[in-house]
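Residue numbers (the numbering used here): 521 to 785.
Source of the hints: derived by calculation from the structure; they are not laboratory data.
Fair warning: there could be bad hints in the mix.
Stated by the list, open to error - Capping the alpha-carbon separation at 30 Å, the derived lysine-lysine pairs in DSS-like fashion look like this:
id : residue 1 : residue 2
1  : Lys-727   : Lys-754
2  : Lys-727   : Lys-564
3  : Lys-702   : Lys-727
4  : Lys-579   : Lys-560
5  : Lys-732   : Lys-754
6  : Lys-662   : Lys-726
7  : Lys-702   : Lys-662
8  : Lys-727   : Lys-662
9  : Lys-654   : Lys-579
10 : Lys-564   : Lys-726
11 : Lys-564   : Lys-754
12 : Lys-579   : Lys-564
13 : Lys-754   : Lys-654
14 : Lys-662   : Lys-754
15 : Lys-566   : Lys-579
16 : Lys-754   : Lys-726
17 : Lys-727   : Lys-566
18 : Lys-560   : Lys-754
19 : Lys-732   : Lys-566
20 : Lys-726   : Lys-702
21 : Lys-732   : Lys-579
22 : Lys-662   : Lys-732
23 : Lys-654   : Lys-702
24 : Lys-702   : Lys-566
25 : Lys-726   : Lys-560
26 : Lys-662   : Lys-560
Since the model is a prediction, treat every value here as computed from it, not as a measurement.
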Amino acid sequence: MRTFPPERIVCLTEETVETLYLLGEEDRIVGVSGYAVRPKRVRKEKPRVSAFTSADIPKILALSPDLVLTFSDLQADIAAELIRAGIAVMAYNQRDIAGILSMIRHLGATVGQGGRAARLADHYEERLATISAKAQQRPRLKVYFEEWDEPMISGIRWVSELVEIAGGQDVFPDLAQQAAAKDRFVTSDHVIAAAPDVILASWCGKKVRPEKIAARPGWDTIPAVRSGRIIEIKSPLSLQPGPAALTDGLDAILAALAPANEMLS
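Kindly produce the complete structure, drawing on both the sequences and the hints.
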């Protein structure tokens, strides 16, 4: 990093983009992931330089970034190529709510907004605690969260934690501890045996088809299918480990689990 705070930042995932906007530091962003959609104006304001597992390295280098922000082992090859080109890279790897809050605080400190970032993270922590306390007053519904359909992948840890905060009971809590998607594969027999009351689905990059889920062989015995409680949670809200998950993502899960005409705030 040639300057502090960095003046030219490229964000290769959405959550760091949203965080910088929330901190009022969006002017530092010179390039973003094609998946960045929050806030809406980012799509008009910032050039897109990457997908998730691929990036336009020459385009990134042409932007002369002081810092590139990446996420997870899936972007390790991109990070390595940028490092070899002499670019400063920060790789986040948050997989739970505590990690999301730490990312917000760390990124805020990196751009000279440590105090504002700490207040933002504290606000999220307080909101989560308030919602959790209210949600525990209701009967807990068993929830299967499907992150992908072919193969079927159950929800990652921060999603599992959000389900619990919203008053649900993740039917695969042990799998949620596994960071790699390949370690969270489930079969139809697993889900049928778990008998979830609600199925939440978030297929990154494509629209969820509740009717296809309901039509899976043997799934007509599942309580969620019998009651028609198969609900899509938009992937930008749930599968981005950042502010979106803690706000609109959690609200979407709350709405899905709430009794008719009820919504926690």
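Against the structure, the hints come out as follows:
no.	hint	in the structure
1	Lys-727 <-> Lys-754	holds, 8 Å
2	Lys-727 <-> Lys-564	holds, 24 Å
3	Lys-702 <-> Lys-727	holds, 21 Å
4	Lys-579 <-> Lys-560	holds, 23 Å
5	Lys-732 <-> Lys-754	holds, 17 Å
6	Lys-662 <-> Lys-726	holds, 25 Å
7	Lys-702 <-> Lys-662	holds, 23 Å
8	Lys-727 <-> Lys-662	holds, 23 Å
9	Lys-654 <-> Lys-579	violated, 48 Å
10	Lys-564 <-> Lys-726	holds, 23 Å
11	Lys-564 <-> Lys-754	holds, 21 Å
12	Lys-579 <-> Lys-564	holds, 17 Å
13	Lys-754 <-> Lys-654	holds, 24 Å
14	Lys-662 <-> Lys-754	holds, 20 Å
15	Lys-566 <-> Lys-579	holds, 13 Å
16	Lys-754 <-> Lys-726	holds, 9 Å
17	Lys-727 <-> Lys-566	holds, 26 Å
18	Lys-560 <-> Lys-754	holds, 15 Å
19	Lys-732 <-> Lys-566	violated, 37 Å
20	Lys-726 <-> Lys-702	holds, 19 Å
21	Lys-732 <-> Lys-579	violated, 40 Å
22	Lys-662 <-> Lys-732	holds, 21 Å
23	Lys-654 <-> Lys-702	violated, 34 Å
24	Lys-702 <-> Lys-566	violated, 33 Å
25	Lys-726 <-> Lys-560	holds, 19 Å
26	Lys-662 <-> Lys-560	violated, 34 Å
Checked against the numbered hints given earlier, this structure breaks hints 9, 19, 21, 23, 24 and 26; the rest are met.
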